[in-house]
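Asks: The listed protein sequences correspond, in order, to chains G and E.
For the first sequence, the residue numbers in this note's numbering are 1 to 357.
For the second sequence, the residue numbers in this note's numbering are 1001 to 1297.
In short, the hints are calculated from the structure, not lab data.
You can trust all of the hints, since none of them are fake.
Lysine-lysine pairs mimicking DSS-like chemistry, simulated, CA-CA at most 27 Å apart:
hint: 1; chain 1: G; residue 1: LYS34; chain 2: G; residue 2: LYS18
hint: 2; chain 1: G; residue 1: LYS149; chain 2: E; residue 2: LYS1207
hint: 3; chain 1: E; residue 1: LYS1207; chain 2: G; residue 2: LYS124
hint: 4; chain 1: G; residue 1: LYS124; chain 2: E; residue 2: LYS1289
hint: 5; chain 1: G; residue 1: LYS117; chain 2: E; residue 2: LYS1207
Here are a few chain G residues that sit away from chain E, every Cβ distance over 12 Å (derived from the structure):
hint: 6; residue: LEU220
hint: 7; residue: LYS265
hint: 8; residue: ASP269
hint: 9; residue: ASP277
All figures in this text were calculated on a predicted structure; none of them were measured in a lab.
C-beta atoms are modelled at their ideal positions from N, C-alpha and C, and glycine is treated no differently.
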Amino acid sequence: MVSDLQKKKPAKTKVEIKNLYKIFGPNPKAQVEKVKGGVGKPELLAEHGHVLGLNNINIKMPERAVQVIMGLSGSGKSTLIRHINRLIEPTAGEVIIDGEDVLSMGPNELRDFRRKKASMVFQKFALLPHRLVKENAAYGLTIQGIAEKEAEERAQKWINRVGLAGFENHYPAQLSGGMQQRVGLARALATDAEILLMDEAFSALDPLIRTDMQNVMLDLQEELHKTIIFITHDLDEALRIGDNIAILRDGVMVQQGSPQEIVLKPADDYVSDFIKDINRGRVLMVGSVMDGEKKVPGPTVPSDMAIEDALQVMTSAQSQSAVVEKGGKPVGSITIEDMIAAIARTEGKTEGSSAYT
Amino acid sequence: MEQLLTEFPELSRGALRDLRRYIDGNFKDFTREYGELIETMFDPLKWFLLWVQSVLLATPWPIVIIVLCGLAWLASRNWKLVVGTAAAFLLIGWLGMWEDTMVTLAMVSVATLICIGLGIPFGILMARSDRLQAIITPILDVMQTIPSFVYLIPVVMLLGIGKAPALLAVCIYAIPPIVRLTNLGIRLVDREVLEAADSFGASYRQKLFNVQVPLALPNIFAGVNQTIMMALSMVVVAALIGGSGLGTPVLRAVNNQYLALGLFNGMAIVAIAIIFDRVSQAYGKRLQKHREGGHGV
Chain G
1 MVSDLQKKKP AKTKVEIKNL YKIFGPNPKA QVEKVKGGVG KPELLAEHGH
51 VLGLNNINIK MPERAVQVIM GLSGSGKSTL IRHINRLIEP TAGEVIIDGE
101 DVLSMGPNEL RDFRRKKASM VFQKFALLPH RLVKENAAYG LTIQGIAEKE
151 AEERAQKWIN RVGLAGFENH YPAQLSGGMQ QRVGLARALA TDAEILLMDE
201 AFSALDPLIR TDMQNVMLDL QEELHKTIIF ITHDLDEALR IGDNIAILRD
251 GVMVQQGSPQ EIVLKPADDY VSDFIKDINR GRVLMVGSVM DGEKKVPGPT
301 VPSDMAIEDA LQVMTSAQSQ SAVVEKGGKP VGSITIEDMI AAIARTEGKT
351 EGSSAYT
Chain E
1001 MEQLLTEFPE LSRGALRDLR RYIDGNFKDF TREYGELIET MFDPLKWFLL
1051 WVQSVLLATP WPIVIIVLCG LAWLASRNWK LVVGTAAAFL LIGWLGMWED
1101 TMVTLAMVSV ATLICIGLGI PFGILMARSD RLQAIITPIL DVMQTIPSFV
1151 YLIPVVMLLG IGKAPALLAV CIYAIPPIVR LTNLGIRLVD REVLEAADSF
1201 GASYRQKLFN VQVPLALPNI FAGVNQTIMM ALSMVVVAAL IGGSGLGTPV
1251 LRAVNNQYLA LGLFNGMAIV AIAIIFDRVS QAYGKRLQKH REGGHGV
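Same shape as in the complex, but just chain G (with noise of 0.2 Å):
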């Protein structure tokens, strides 16, 4: 079932970062060796004055995926992204992009890099509010010095595929929080970007526009494949959206994998706290907790099904058991009990899951 939980054939990755570390303070090279040393956040800050920000981060991004970054607030993640694009500089550490030594370009090899290969929506959209939508989605382009009448004709395509026509000609101030944060992503998107840096860009919105722009954001992605690297405090969204999902805490990468893997094996406490209110049921899919050697009778259901509606699927053909389809070939067999088992939550989980891995 190792095979199932990760989809596809391993991808190649696009951003890489190696024994990342970060830290905030007057001196702060001179406390790495401390920090990798063993020394800890809260003694770091207590004898030694520095903030530790991100505690050797080691991370391979997937290319054409979805990464989602997910922790608490304080937890690094915000800090984390901006090593990409180099909005923070690493107190040690690297950061490859396509083979690339991200920190060893030079000022103007990295404002190509941003105006070329990564782009970013932000959080509280960060749009100009002086200049119009159709303005402000140009606005990558025009940085690159494209004519402001070339640049807004190109952009205008994404104005209309973040289905914003209609108000080009309208100012920031004057359209709702989910309008302005699908001018960020026009924005964003406009530079054609292979890289896309998504600060909590959907967590200002309330939860309804918030779904509608995960859902915007996804039909994109189907048709775009960019390699996303989504930043969230919000596990439903990082369940929904990432193909990949890495759990950072106090600077310190917890745990790393599919949104499957996370939910049935957390790491630690940290990850199974962040967990406990998932519904799980609609989030692990049948190929996840099938058994792939035992063969048994029933209706057929395919592998990326979730357990609620295959559990729907069973009842109604009035069977205890079903057969686990992939592209059309069975792949093994899935029984009610242990989907009841799968579903049952974190504190139980531990032992009743094991079965399954």
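Use these hints to put chain E onto chain G, whose structure you have.
Replies: Relative to chain G, chain E alone:
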């Protein structure tokens, strides 16, 4: 011991006199050495001022009023202000103060232009560097608080009596608000928006002209408004060293106790001040039209 407590341990009269003589002597030497050079440096400004003044005086008065009303309309789009401007200038002319008013208008406009031209770049530099801010702030404090009569002395010693020293005195007094408010405005620009500009690879110039200055405009405009007001309030002092204009009759009125003359000219200054203030504020507000809509950005 007792004497030390009851009498301040001051310099002896002789030493004090020597100190003053030393300073005066050095400055006089400096004046003799460089006075002419500095005066020629100020010549272009003086010519410009005289040119503006002669244009205003040579233009038939109805045209001047129409142009002023037109400017008020362009800036404020407010009929009441335009009517008020016309009425004020007609009254000023009718009460025999037209020429003095034009002279004052020229002085204030040129001084404001100089202050904007120097003040905004200085404010931008100041916003870039905390150290520069630490150096310039006390200088601005001195410029604003030192009694103007004190710096009139060296100014007159260097440049004599006339238009140039008057202009310099007005500028020294009027420039601090524009520098301060430009600096403040740029420092107050939303950090997120700046970060966004950075994330799209904006260069320093692109950030300055597309983000920082436009977003600082409300504050910069408040600075321009303050600068105009302060320049107007210096008109009488400037008249003292040859600035002429509406300040001269006021000085004459003070010396001779001509109540009505002082009042008329004083009210003319007030009228110009109110018109300039309202028009520039209305313009500043119109620049901020994009903030309307209720959803803060």
